[in-house]
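S.K.: Next come the chains, spelled out residue by residue.
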Amino acid sequence: MPSAAAVSAEPLWMRTLRTRAREQFQSLKWPTTAEEEWRRTDLSRVPLDSFAPVKPAAPSCPADVERGAASGLLRFQSARCLESALDPRLYEAGVRLLPLDNALEEFEAPLHSLYQKALAEIDNRFLAWHYAEWSHGALLWVPAGLEITEPFLIDFQEDGDGIMSAPHLAVFLGVGARASVVQRISSRGGAAGGAGLLCNAVVDVRLGDASALQLWEQQELAPGDIYIRHAQAEVGRDASLRHFDAEFGSRLAKSRVDCALGGTGAEAFLDGAYYCRKGQHMDLRTVQRHRSPKAMSRAVYKGAVDGGGRTVYQGLIEVSPGAAGTDAWLTNRNLVLGEAARADSIPTLKIGNNDVKCSHGSTTGKLNAEELFYLQSRGLSAAAAREMLVIGYFEDMLTAAPEAFRESTLDTIRGRLRVA
Amino acid sequence: MTDAGNGSRRPDWVRVAAEADLVSAITVSVDGAPVAVFRTEDGVFALDDICSHEYSRLSEGDVWGGEVYCQKHGSRFSLRTGAVTGLPATQPVRPWDVKVEAGEIWVARMPRNPVAS
Amino acid sequence: MSSPVTDTSQELVGEYQHGYHFPDESVFKTRKGLDEQIVNAISERKGEPDWMRQFRLRSLAAFRKKSMPNWGADLSDLDFDDLYYYAKPTDQKGRTWEDVPENIKKTFERIGIPEAERKFLAGVGAQYDSEVVYHSIKEDLAKKGVIFTDPETAVREHPDLVKQYFGTVIPYLDNKFAALNSAVWSGGSFVYVPKGVKVEVPLQAYFRINARSFGQFERTLIIADEGSFVHYIEGCTAPVYATESLHSAVVEIIALPGSRVRYTTIQNWSNDVYNLVTKRAMAYKDAVVEWVDGNIGSKRTMKYPSIWLMGEGAHGEVLSIAFAGKGQEQDTGGKAVHAANHTSSVITAKSISRGGGIASYRGLLKVNPGLHDVRSRVVCDALILDEHSASNTFPYMEIDSDDVSIEHEARVSRISEEQLFYLMSRGMTEAEASLMIVSGFLDPLVKQLPMEYAVELNRLIELEMEGTVG
Chain A
1 MPSAAAVSAE
11 PLWMRTLRTR
21 AREQFQSLKW
31 PTTAEEEWRR
41 TDLSRVPLDS
51 FAPVKPAAPS
61 CPADVERGAA
71 SGLLRFQSAR
81 CLESALDPRL
91 YEAGVRLLPL
101 DNALEEFEAP
111 LHSLYQKALA
121 EIDNRFLAWH
131 YAEWSHGALL
141 WVPAGLEITE
151 PFLIDFQEDG
161 DGIMSAPHLA
171 VFLGVGARAS
181 VVQRISSRGG
191 AAGGAGLLCN
201 AVVDVRLGDA
211 SALQLWEQQE
221 LAPGDIYIRH
231 AQAEVGRDAS
241 LRHFDAEFGS
251 RLAKSRVDCA
261 LGGTGAEAFL
271 DGAYYCRKGQ
281 HMDLRTVQRH
291 RSPKAMSRAV
301 YKGAVDGGGR
311 TVYQGLIEVS
321 PGAAGTDAWL
331 TNRNLVLGEA
341 ARADSIPTLK
351 IGNNDVKCSH
361 GSTTGKLNAE
371 ELFYLQSRGL
381 SAAAAREMLV
391 IGYFEDMLTA
401 APEAFRESTL
411 DTIRGRLRVA
Chain B
421 MTDAGNGSRR
431 PDWVRVAAEA
441 DLVSAITVSV
451 DGAPVAVFRT
461 EDGVFALDDI
471 CSHEYSRLSE
481 GDVWGGEVYC
491 QKHGSRFSLR
501 TGAVTGLPAT
511 QPVRPWDVKV
521 EAGEIWVARM
531 PRNPVAS
Chain C
538 MSSPVTDTSQ
548 ELVGEYQHGY
558 HFPDESVFKT
568 RKGLDEQIVN
578 AISERKGEPD
588 WMRQFRLRSL
598 AAFRKKSMPN
608 WGADLSDLDF
618 DDLYYYAKPT
628 DQKGRTWEDV
638 PENIKKTFER
648 IGIPEAERKF
658 LAGVGAQYDS
668 EVVYHSIKED
678 LAKKGVIFTD
688 PETAVREHPD
698 LVKQYFGTVI
708 PYLDNKFAAL
718 NSAVWSGGSF
728 VYVPKGVKVE
738 VPLQAYFRIN
748 ARSFGQFERT
758 LIIADEGSFV
768 HYIEGCTAPV
778 YATESLHSAV
788 VEIIALPGSR
798 VRYTTIQNWS
808 NDVYNLVTKR
818 AMAYKDAVVE
828 WVDGNIGSKR
838 TMKYPSIWLM
848 GEGAHGEVLS
858 IAFAGKGQEQ
868 DTGGKAVHAA
878 NHTSSVITAK
888 SISRGGGIAS
898 YRGLLKVNPG
908 LHDVRSRVVC
918 DALILDEHSA
928 SNTFPYMEID
938 SDDVSIEHEA
948 RVSRISEEQL
958 FYLMSRGMTE
968 AEASLMIVSG
978 FLDPLVKQLP
988 MEYAVELNRL
998 IELEMEGTVG
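Chains as they are written, first to last, in my numbering: chain A, 1 to 420; chain B, 421 to 537; chain C, 538 to 1007.
Hints in this document: simulated from the structure, not taken from any laboratory. We put the beta carbon where it would ideally sit given N, CA and C, even for glycine. Treat the hints with care, since some could be wrong.
Stated by the list, open to error - DSS-like, lysine-lysine: derived pairs with alpha carbons at most 25 Å apart:
1) C:Lys732 to C:Lys700
2) C:Lys583 to B:Lys492
3) C:Lys603 to C:Lys569
4) A:Lys366 to A:Lys294
5) B:Lys492 to A:Lys29
6) A:Lys350 to A:Lys302
7) C:Lys569 to C:Lys681
8) C:Lys735 to C:Lys569
9) C:Lys681 to C:Lys732
10) C:Lys681 to A:Lys350
11) A:Lys29 to C:Lys603
12) C:Lys643 to C:Lys583
13) C:Lys681 to A:Lys357
14) A:Lys302 to A:Lys117
15) A:Lys302 to A:Lys357
16) A:Lys29 to A:Lys55
17) A:Lys357 to A:Lys294
18) C:Lys700 to B:Lys492
19) C:Lys602 to B:Lys492
20) A:Lys278 to A:Lys350
21) C:Lys602 to C:Lys680
What the hints assert, rightly or not - A few chain C residues that don't get close to chain B, going by computed Cβ distances all over 12 Å:
22) Lys569
23) Glu573
24) Gly609
25) Leu620
26) Lys643
27) Asp697
28) His768
29) His875
30) Ala876
31) Gly893
32) Ser953
33) Leu982
34) Glu999
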């Protein structure tokens, strides 16, 4: 339960929404393998009822406005905002980067509408739990017409044992605005044998007409923690979303990225890279929803699975009857790096209109033996050859990424290959 | 006894249930692993509880002629060895040693290796 | 207590040729609904040994316990209590040629169904004179040691073979409809091909014309012994008048080492039929199994021919064509389960939806842990011809091994404007151009059919397309 002090500081509309979400939470049951979306992720051995929602700290973060390499920065540790920065010129122009609890007054209208809609669409207990108990989060508001090149950085450092933490990121881009955001979620991990942390995260993106957002995400929770995440984007007319999701950590990750193309000319690129080690279970889902005509979407998810790891990719392209002129495809590639690795791939299509170009592809295999041989014949060790091919496999997805993000992602992959 | 790795000795057998609890089949937990224990005319047997075909509990299946028939799709496994004796499963389940002593049911801490048909 | 036998009545479908023997069918009919009494009566009528009767009863218990699938085509209108499970009583009036709908008659003509067959297919109870043709084929097969008969005869005359294989590929617990079929199966085929024998002439159930060939609950078991070859064909392109609305068949194929079995089905049931079929093959070392599956008719089809690759070097193929028109849902595809090293599979599925029809591909590719050298390729192509129709693709890939090469592609599109324009600029009408494109789309699969089927199917497509344009 949020601490009494924090709650009474919240506006009534938010407290009412929490209550409604709590009611939904009570009325739902944990997902079981009988449901299609959860068929390959068995939660029955996870003591879900024993996780207690983290108490959000009272708003403590000084709104520190200063110049930096990034356009703005918010850093949280254990649900407390410890650092906050925003380029003053951007602040003058109307940009806001705030901890969510600070934003409730100024941004009541858009947030209220966002949460209302979310409550109406809750389809599993975790989501209801998030909206009831969200503990901390960030809001980015970019007014119309503003084009910002330097990325905004959001850093959630989670911690706790037997705790459910529920961070929320909400990004609003006005008409014609352009921005980029890098979000990182990580944790150090608790004592061995502890229950670990359950991170129940939500990302909400609303893109106004002709706006463009790049969202680069990296998940690096500790090996004992659990990650349940729902990302929802609405892309307006002629707007563009580039989402990249790097999933590395946790012992169990269940992520869903759901993108609705709600206007003509909208486009979305949903890219994902995942590296699953022994003992990890990753279940990732993307949904491309074409509701309006002439929109375009692509999903490319590439994974690598070590021996003893298990990944599931479920992708859906859904085209409504009115969405003529849809151009959508999705691809899933799985690189199997060791014995007793398992990669499930379920790309699906639900097409209700015939004036479309829709396709999907999936390949699963191991590193190309000829390529490995070739590199070794040029003097590389087996390990170095392997590393080169795996890095090459992921690298082309990161060409447009902010440099620091790209380096950090590739370094993490290298680190895993060297240990394997 | 087996070495627990930190110098202490752990027993090889885990007490899982009272004999009275077992009529024809029950599911028990051995260090977190789900195990099905069966009682038949030919004795007491134990196998991994989760069918190797799809998620389903063998302890809820029918036992007949030394085999258990998984309720979900009819896969069959030998009670003695866990080998697959009928489709649609194609992989065996692991057999566990089980004994009944002084009104209690004990299952070995580790299963035996699975047997291909 | 009600008795399953109510009163005497005539056969529904005409007289039969000498040489076809059935137990006292003409006086037997059952009431609606399903219970132990009916199952026992069915077994007794067929003069079955007790082990088969027990099998049926266990299957009935399983049918009752199992739930309907919570996926697939919309089966909400299916009412199990409102069906006859053995033989339907005749109508008071009986069906005459005049009763047959005009469009069915027209189809027969267009496809080129011989006059003699038309009345039979329309359920008008005419005789079908194929005895002469069939007889010589039967003799030839008998000489080679090939057994080709109905399953009832097989239970009586080849009990060892039946006991060894029946229900081993598709256990009665497999799914609700397999359980149903296992309880009330009647008719179908039993084929055994001895070692090394290659049956050059495709075996067709069609030849054994009787109500069983188009029965509701056919049970087919094909055993191809080592090194043998057989091609079995089922169904036909002509629309078939169905006496019942639920068809739930089970087909089991055992392809022993080195053998090859091809099973071709073209289904064009009338548009009120639920066609829910379980078909599965086990392919052993170096064996090859090919399913060619054409689904044109029926209101709802759920059918996923499958191959379990059990031995090294085995290869499986599924070629599937589905045509979903107004009011139809074709939910079809294929499954390949790799349980041995050095195995390969290919699944090719093409579908066309028009007039509000829904065509869905549903498939499974599974590779067991620790296997080496497994290759698979799945290609699904869907054409949606108008804005009212839909197409779905649900492929499941469960890959547990690292020494694999797996590819899957699916495409959904409509007839390309450019192609149409090009063909029309060559002098074709829009209708002719559309037809050409659709035929071209299906051609790689149609080529796999025996010639007369290919010809009939092409004509059928032409007929179906006429409704589409202009």
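S.K.: The structure should be examined with respect to each hint, and the outcome stated for every one.
M.R.: The hints, checked one at a time:
{"no.": "1", "hint": "C:Lys732 to C:Lys700", "in the structure": "holds, 19 Å"}
{"no.": "2", "hint": "C:Lys583 to B:Lys492", "in the structure": "violated, 30 Å"}
{"no.": "3", "hint": "C:Lys603 to C:Lys569", "in the structure": "holds, 20 Å"}
{"no.": "4", "hint": "A:Lys366 to A:Lys294", "in the structure": "violated, 37 Å"}
{"no.": "5", "hint": "B:Lys492 to A:Lys29", "in the structure": "holds, 23 Å"}
{"no.": "6", "hint": "A:Lys350 to A:Lys302", "in the structure": "holds, 22 Å"}
{"no.": "7", "hint": "C:Lys569 to C:Lys681", "in the structure": "violated, 43 Å"}
{"no.": "8", "hint": "C:Lys735 to C:Lys569", "in the structure": "violated, 44 Å"}
{"no.": "9", "hint": "C:Lys681 to C:Lys732", "in the structure": "holds, 10 Å"}
{"no.": "10", "hint": "C:Lys681 to A:Lys350", "in the structure": "violated, 50 Å"}
{"no.": "11", "hint": "A:Lys29 to C:Lys603", "in the structure": "holds, 24 Å"}
{"no.": "12", "hint": "C:Lys643 to C:Lys583", "in the structure": "violated, 38 Å"}
{"no.": "13", "hint": "C:Lys681 to A:Lys357", "in the structure": "violated, 53 Å"}
{"no.": "14", "hint": "A:Lys302 to A:Lys117", "in the structure": "violated, 31 Å"}
{"no.": "15", "hint": "A:Lys302 to A:Lys357", "in the structure": "holds, 22 Å"}
{"no.": "16", "hint": "A:Lys29 to A:Lys55", "in the structure": "holds, 23 Å"}
{"no.": "17", "hint": "A:Lys357 to A:Lys294", "in the structure": "holds, 10 Å"}
{"no.": "18", "hint": "C:Lys700 to B:Lys492", "in the structure": "holds, 23 Å"}
{"no.": "19", "hint": "C:Lys602 to B:Lys492", "in the structure": "holds, 10 Å"}
{"no.": "20", "hint": "A:Lys278 to A:Lys350", "in the structure": "violated, 34 Å"}
{"no.": "21", "hint": "C:Lys602 to C:Lys680", "in the structure": "violated, 46 Å"}
{"no.": "22", "hint": "Lys569", "in the structure": "holds, 28 Å"}
{"no.": "23", "hint": "Glu573", "in the structure": "holds, 18 Å"}
{"no.": "24", "hint": "Gly609", "in the structure": "holds, 15 Å"}
{"no.": "25", "hint": "Leu620", "in the structure": "holds, 24 Å"}
{"no.": "26", "hint": "Lys643", "in the structure": "holds, 43 Å"}
{"no.": "27", "hint": "Asp697", "in the structure": "holds, 18 Å"}
{"no.": "28", "hint": "His768", "in the structure": "holds, 24 Å"}
{"no.": "29", "hint": "His875", "in the structure": "violated, 9 Å"}
{"no.": "30", "hint": "Ala876", "in the structure": "violated, 4 Å"}
{"no.": "31", "hint": "Gly893", "in the structure": "holds, 34 Å"}
{"no.": "32", "hint": "Ser953", "in the structure": "holds, 41 Å"}
{"no.": "33", "hint": "Leu982", "in the structure": "holds, 27 Å"}
{"no.": "34", "hint": "Glu999", "in the structure": "holds, 40 Å"}
The structure fails hints 2, 4, 7, 8, 10, 12, 13, 14, 20, 21, 29, 30 (numbered hints given earlier, in ascending order).
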